[in-house]
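If you're matching them up, the sequences are chains A and B in order.
This note's numbering puts the first residue of the first sequence at 67, with every later residue one more than the last.
This note's numbering puts the first residue of the second sequence at 67, with every later residue one more than the last.
Rather than coming from a laboratory, the hints here were simulated on the basis of the structure.
Just so you know, not all the hints are guaranteed correct.
Remember, identical chains collapse to one label, so a pair may be satisfied in a single copy or spanning two.
DSBU-like cross-link-like pairs, simulated, lysine-lysine; straight-line CA separation at most 35 Å [claimed, not checked]: (1) 122 to 187; (2) 187 to 209; (3) 122 to 287; (4) 187 to 370; (5) 385 to 287; (6) 209 to 324.
The primary structure of each chain is shown beneath.
Number of protein chains: 2
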Amino acid sequence: MIDCPLPYEENDVITSAHGAGGKTMHKFLRDLVYETLGNSFLNTQHDGAILNLNGKTAFSTDSYVVSPAFFPGGNIGDLAVNGTVNDLAMCGAKARYLSLSCILEEGIPVSRVYDVLISVKNAAEYAGVNIVTGDTKVVENGKGDGIYLNTSGIGSIHDRADIAHTRIEEGMSIIVSNDIAAHGMAIMALREQLNLSPTILSDTQPLHRPVLTLLDWFGDKVIMLRDATRGGLATVLNEWTSMVDLGIELEEQTIPVKNEVSSLCEILGIDPLYVANEGVFVMVLPGTIAHEALEIMHTLPECKGASIIGKFTSNHKGKVVVKSMYGGNRVVGMLAGDPLPRIC
Amino acid sequence: MIDCPLPYEENDVITSAHGAGGKTMHKFLRDLVYETLGNSFLNTQHDGAILNLNGKTAFSTDSYVVSPAFFPGGNIGDLAVNGTVNDLAMCGAKARYLSLSCILEEGIPVSRVYDVLISVKNAAEYAGVNIVTGDTKVVENGKGDGIYLNTSGIGSIHDRADIAHTRIEEGMSIIVSNDIAAHGMAIMALREQLNLSPTILSDTQPLHRPVLTLLDWFGDKVIMLRDATRGGLATVLNEWTSMVDLGIELEEQTIPVKNEVSSLCEILGIDPLYVANEGVFVMVLPGTIAHEALEIMHTLPECKGASIIGKFTSNHKGKVVVKSMYGGNRVVGMLAGDPLPRIC
Chain A
67 MIDCPLPYEE
77 NDVITSAHGA
87 GGKTMHKFLR
97 DLVYETLGNS
107 FLNTQHDGAI
117 LNLNGKTAFS
127 TDSYVVSPAF
137 FPGGNIGDLA
147 VNGTVNDLAM
157 CGAKARYLSL
167 SCILEEGIPV
177 SRVYDVLISV
187 KNAAEYAGVN
197 IVTGDTKVVE
207 NGKGDGIYLN
217 TSGIGSIHDR
227 ADIAHTRIEE
237 GMSIIVSNDI
247 AAHGMAIMAL
257 REQLNLSPTI
267 LSDTQPLHRP
277 VLTLLDWFGD
287 KVIMLRDATR
297 GGLATVLNEW
307 TSMVDLGIEL
317 EEQTIPVKNE
327 VSSLCEILGI
337 DPLYVANEGV
347 FVMVLPGTIA
357 HEALEIMHTL
367 PECKGASIIG
377 KFTSNHKGKV
387 VVKSMYGGNR
397 VVGMLAGDPL
407 PRIC
Chain B
67 MIDCPLPYEE
77 NDVITSAHGA
87 GGKTMHKFLR
97 DLVYETLGNS
107 FLNTQHDGAI
117 LNLNGKTAFS
127 TDSYVVSPAF
137 FPGGNIGDLA
147 VNGTVNDLAM
157 CGAKARYLSL
167 SCILEEGIPV
177 SRVYDVLISV
187 KNAAEYAGVN
197 IVTGDTKVVE
207 NGKGDGIYLN
217 TSGIGSIHDR
227 ADIAHTRIEE
237 GMSIIVSNDI
247 AAHGMAIMAL
257 REQLNLSPTI
267 LSDTQPLHRP
277 VLTLLDWFGD
287 KVIMLRDATR
297 GGLATVLNEW
307 TSMVDLGIEL
317 EEQTIPVKNE
327 VSSLCEILGI
337 DPLYVANEGV
347 FVMVLPGTIA
357 HEALEIMHTL
367 PECKGASIIG
377 KFTSNHKGKV
387 VVKSMYGGNR
397 VVGMLAGDPL
407 PRIC
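Please work from the sequences and hints to get the whole structure.
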């Protein structure tokens, strides 16, 4: 049930005037943007937001070009909020302020932009973050693809966080926070027009709550964090082995993948280790506390599928090696090419 | 003379793999981005930058889709740095940290991206700001237009700044910091393939130095600042009259426009008051100090053409009225439509 009139006419489309700085843009900002996302920062309508910040702060940015922009489990709006919230969380930070910048393609329905803004609003509320400043540009038909977003974010770093790959040591455990490959496979199923049952949903979700809980418990014993987005779990692990003088050993059967996701990966010939996630992080911590951390994670809604998947080793330095459940070993290299373009 | 080998082969083009998170993207980041823009923040290659911030801070974002991306006087790279430095300056802040996010179109030469990065580097150095975090996405041919950028920025606000439209009062003076309409007309001349002599150059430049100098001199007597970008001077002034219960009175002959710019405006039938600037700000301050401020501005390289153009009045509330040199009056409304699409 719609309680109030929608702030546009049914057939309104985006025109270049929406990005021109004049009357049309001001009406668009007033009726759609401020009405949907408004708060005391945004409502000053200044060139930037004025914030009071103190102490260690994280700053991050991401542009979003996911295609299609709407997919099972989310759309480009919540993806853009959660993505930057998560980049900040991986620095040990709680996101406080986000910017939102839109590149709109002439001719797309205003209603579609509104749907995205509603998702931005809901995701920001759920993550406890304010959209405090923004921008809108319009490009001609054929020079964009509906809607591209950029979010940048500022977050306050947990007092006891000291997340740095330089602190990784041999024997440290690697935990993945949930089952992998759902986001990428949700997009692939949609692109291939596969009607799967159950429908694979994107895992897009904010990750600061579990990260802050783990920092409350373990402080600087949380050695390293990374969300496994583009390039998937394998890419995160290869980045790490390229940064430290160690290798990684994984136990294949401990890597969590939902049945419907692994089935689709098999059908399409895609290795789930390389598939993008939007609500999964990978954590390094001393082996001595790995099981305790895992127990705590299993009590958190974002980490129901958490699993200890392997450890750092001085064997095969620079390489990520997966031990299969049948005893064989395979080296998992860094992603080559782009099997899943425009996944985020 | 090129002293060192360029970090790409002559015919390299951007492919989707440059945005996929794998090997190609890592090589691109290492050889082009970190090599060009690297600093202690960026080189950690984390999901975000870790900063120490204290006190009143400004936060701003802008996406850039200017077409063509290279124009007399600059390109999308320095435009993107200066644009966000200037948005922060309009909050009374010195930009300290910028993010840089690129949306690249498949098939464009890597050399073109490199040229933009070099401009970003030079503009950042000139403005005294670090690029501390970033992102790259690639879209298919026909779903972008070469290169779109987003910069977001964090700046420290001057101790004595108190910039707010709510402090505007009747009689206060309006100063424009330099001659107007150069950026928009530089782009228009290029699009129309007019070979003018002298060539009109974009005015893109950072504005924090004159703003901070004025804040050092006048503190909270600087009432309001705005850079006159999209929609030009007229749009800024109309925004102000829509926010306060006053009108604005301008003296036409005091509005600075270079001869070659006003000639081209006349030929193309465009009012320079509506043309975008990328290195001009508009300032409100008490009439009693306007002439002193103007003298100081004339000593600053960014403000050689500064001029007192008018004042706030309780006559014709909500309206901007220009008194022509021949005695007539005309109302200058807010921009309708989009005479100059994709100007920034």
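**Study point:** Earlier hints that do not hold, by number
**Key:** Structure breaks no hint.
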